[in-house]
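Visitor: Got chain Z sorted already, so can you dock chain U with the ligands onto it with the hints?
So the sequences go chain by chain: Z and U. Residue numbering for the first sequence follows this note's numbering, starting at 1 and increasing by one per position. Residue numbering for the second sequence follows this note's numbering, starting at 268 and increasing by one per position.
Some hints could be false.
What the hints assert, rightly or not - Cβ-Cβ distance ranges computed for the label pairs, FRET-style:
#1 U:Q549 with Z:A48: 17 to 23 Å
#2 U:A271 with Z:P222: 53 to 59 Å
#3 U:G473 with Z:I12: 37 to 43 Å
#4 Z:R2 with U:E552: 23 to 29 Å
#5 U:I560 with Z:N20: 50 to 56 Å
#6 Z:E13 with U:G370: 55 to 61 Å
#7 Z:A163 with U:L297: 52 to 58 Å
#8 U:E316 with Z:D147: 49 to 55 Å
The hints are simulated quantities; they were obtained by calculation from the structure and are not laboratory data. Treat the numbers as computed from the prediction; the structure is a model and nothing was measured. We put the CB at the ideal spot given by N, CA and C, even for glycine.
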Amino acid sequence: MRKKRVETAVVIENRAIAENIFRMKLKCPWIAARTRPGQFLGIKVNDAGTDPLLRIPLGIHRAENGYVYLLYKTVGLATGMLKAKEKGDDLDVMGPLGNGFSVGKALTMGSRAILVAGGYGVSPLYSLAETLMNNKVKVTIFIGARDKLGIVCDKELKKLGAAVQITTDDGSCGLRGCVTDAVSKYLRRQKSESRKGIKVFACGPEPMLKAVAGLADELGIPAEVSLDEYMACGVGACRGCAVKTVNGVKLACTDGPVFDARDVIWE
Amino acid sequence: MSLAINIAGVKFENPIWAASGTFGTGEEFLDFVDLDKIGAVVTKTVTLEARVGNPAPRIVETASGMLNSIGLENKGIDHCVKETIPFLRKYRTKIVVSIAGNGLSDYTECARRLSGKNAPDMIEINLSCPNVTHKGAKHALFAQDGALTGEIVRAVKRETDIPSITKLTPNVTDITEIAIAAEKAGTDALALVNTYFGMAIDSGTGKPVLGRVTGGLSGPAIKPMALKAVYDVYKKVKVPIIGIGGIMTAECAVEFMLAGARAIQVGTANFVDPRSTMKILQGVEAHLGEKGIKDINELTGKAHG
Ligand SMILES: Cc1cc2nc3c(=O)[nH]c(=O)nc-3n(C[C@H](O)[C@H](O)[C@H](O)COP(=O)(O)OP(=O)(O)OC[C@H]3O[C@@H](n4cnc5c(N)ncnc54)[C@H](O)[C@@H]3O)c2cc1C
Ligand SMILES: Cc1cc2nc3c(=O)[nH]c(=O)nc-3n(C[C@H](O)[C@H](O)[C@H](O)COP(=O)(O)O)c2cc1C
Ligand code: FES
Numbered sequence: 001m002r003k004k005r006v007e008t009a010v011v012i013e014n015r016a017i018a019e020n021i022f023r024m025k026l027k028c029p030w031i032a033a034r035t036r037p038g039q040f041l042g043i044k045v046n047d048a049g050t051d052p053l054l055r056i057p058l059g060i061h062r063a064e065n066g067y068v069y070l071l072y073k074t075v076g077l078a079t080g081m082l083k084a085k086e087k088g089d090d091l092d093v094m095g096p097l098g099n100g101f102s103v104g105k106a107l108t109m110g111s112r113a114i115l116v117a118g119g120y121g122v123s124p125l126y127s128l129a130e131t132l133m134n135n136k137v138k139v140t141i142f143i144g145a146r147d148k149l150g151i152v153c154d155k156e157l158k159k160l161g162a163a164v165q166i167t168t169d170d171g172s173c174g175l176r177g178c179v180t181d182a183v184s185k186y187l188r189r190q191k192s193e194s195r196k197g198i199k200v201f202a203c204g205p206e207p208m209l210k211a212v213a214g215l216a217d218e219l220g221i222p223a224e225v226s227l228d229e230y231m232a233c234g235v236g237a238c239r240g241c242a243v244k245t246v247n248g249v250k251l252a253c254t255d256g257p258v259f260d261a262r263d264v265i266w267e
Numbered sequence: 268m269s270l271a272i273n274i275a276g277v278k279f280e281n282p283i284w285a286a287s288g289t290f291g292t293g294e295e296f297l298d299f300v301d302l303d304k305i306g307a308v309v310t311k312t313v314t315l316e317a318r319v320g321n322p323a324p325r326i327v328e329t330a331s332g333m334l335n336s337i338g339l340e341n342k343g344i345d346h347c348v349k350e351t352i353p354f355l356r357k358y359r360t361k362i363v364v365s366i367a368g369n370g371l372s373d374y375t376e377c378a379r380r381l382s383g384k385n386a387p388d389m390i391e392i393n394l395s396c397p398n399v400t401h402k403g404a405k406h407a408l409f410a411q412d413g414a415l416t417g418e419i420v421r422a423v424k425r426e427t428d429i430p431s432i433t434k435l436t437p438n439v440t441d442i443t444e445i446a447i448a449a450e451k452a453g454t455d456a457l458a459l460v461n462t463y464f465g466m467a468i469d470s471g472t473g474k475p476v477l478g479r480v481t482g483g484l485s486g487p488a489i490k491p492m493a494l495k496a497v498y499d500v501y502k503k504v505k506v507p508i509i510g511i512g513g514i515m516t517a518e519c520a521v522e523f524m525l526a527g528a529r530a531i532q533v534g535t536a537n538f539v540d541p542r543s544t545m546k547i548l549q550g551v552e553a554h555l556g557e558k559g560i561k562d563i564n565e566l567t568g569k570a571h572g
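So that you can see chain Z by itself, here it is in the shape it has in the complex (with noise of 0.2 Å):
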């Protein structure tokens, strides 16, 4: 069978939700259907021509009734053409690729979870957020920014009944400082016993992650990260996502981007 496709998909909406970050709708009903939080799409923004030339790597944020929604930050060439794409346009995609966070395993009713998010980091958290709390986990999720203007989807987590926790760098919405902090502050609160129904899933910049992998390691609580790879096939055929891990080469595509953070060996 299967599991992953090119499809042509259609975009519904494309538009800003803060400063360079843009929120995007897509029709494609085959992908949709199979996705599971935490996996990502490749997409051709460029439909002819060769710069850019390969696909870009974007985190699906929710997936459901037949349409992909997007999240991303405007950073370089591939994403400001993506900018562009309006309603109506065509956009070829490829996915849904990776495997996601493992919801269900770990996880059980009356466990809680810890979510952290740097920068478009909670583009995948937010899937991962919707699906635990209808597994009857409770959700806390810490967002971190440099300040408010890149703050994005904490309303939205609200909504959906997670306790949202937000960090700016300069303090110009919720707790000033950094969000590895925070979370850092709140799980040494936790005492030992409660500690135990705690798992902590994160995606953001790597030194966020690598901070996360370190706090939850030492408190002995099980935390999955997505990792950011430069990526080119998307497949598991031209090893350049390579990411070093105690169970020897894994490939970012394909074993993750989401990887037990135990697992990982940082550079």
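Guide: For chain U with the ligands alone, coordinates are given in the frame of chain Z:
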């Protein structure tokens, strides 16, 4: 209309192949490609022992192309014989196993281990990977040295009856000299080109982008240079040439054949669209139909007049 080609007695259903290192073992593309239809799969280069490859980042996009410094990460020759070849044997595609090593004896030992029960249809001798270092060698790549190229080709030929393709680097002053050396040593075919040396520096951080600093350039950016390499070598050798470098469309494939290629390999295009080999195959077929060409072999070298 016939798309079939014959190289060293091996019959390929068509000349559209997947290039080494860009197609995994083929299994990665099962959702997109019909392995019964593709002319051949050239496996990711294997070495005697497994290799872990180079530090990240290993790939970066550049103008109309990409740089890679994978560093021949692979699971070793025995894994290839035990797993990869039997997997590909379930399909009608021909199997070409690409081999590399640190020295002559690595190549011959790989060839020996391939010559058992699970033998591939051909061996591609990769003398041109830009992302590994050979201790004590005069040149960075074996294929930069005509004498060494000849020596390795001869040794592999002595070791095995499996016909071989020698894959050359374009990072030389005159690729035809190396091609001639490989032909004299008895290679059954030549594959050109492997990637061009290149690098990327991030003006923001002030540092090279790739973990290994330098890498190999592939994609549309190299096509005109690769095409010329095939054109030049075709004039000087008799053995079949397999053209590689920036082939993205059926037109590109036809151009390489006109320049002198008997078959072509699709590399970077597999990343842009995983169905590229199938699309190129259909496009080439359509081209023959439009031009009223009965046999694809008629295309080879036609640009030479
Ligand atoms: C599995 C996965 C999921 C992702 N999900 C999202 C998402 O949901 N939303 C989102 O906005 N972005 C996401 N990204 C990152 C996104 O792919 C890159 O931002 C995008 O490819 C940049 O393309 P560009 O041409 O616009 O920028 P470029 O011009 O290529 O690069 C701009 C800058 O970003 C850096 N950069 C580019 N790609 C990466 C990368 N893969 N990792 C780290 N740095 C990089 C470059 O070094 C450069 O400094 C994800 C990446 C991966 C691997
Ligand atoms: C990510 C990547 C990995 C590669 N690995 C190998 C390899 O293991 N062995 C080899 O002979 N060539 C390797 N190549 C080179 C290709 O087979 C091909 O010669 C080159 O990319 C030029 O063709 P293209 O422009 O169509 O990609 C690799 C290329 C890329 C992009
Ligand atoms: S992106 Fe090619 S192997 Fe992961």
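Visitor: Next step is simple, just say for each hint if it's right about the structure.
Guide: Status of each hint after checking the structure:
no.	hint	result
1	U:Q549 with Z:A48: 17 to 23 Å	19 Å, holds
2	U:A271 with Z:P222: 53 to 59 Å	56 Å, holds
3	U:G473 with Z:I12: 37 to 43 Å	42 Å, holds
4	Z:R2 with U:E552: 23 to 29 Å	25 Å, holds
5	U:I560 with Z:N20: 50 to 56 Å	52 Å, holds
6	Z:E13 with U:G370: 55 to 61 Å	59 Å, holds
7	Z:A163 with U:L297: 52 to 58 Å	43 Å, violated
8	U:E316 with Z:D147: 49 to 55 Å	51 Å, holds
Going down the numbered hints, you'll see the structure goes against just number 7.
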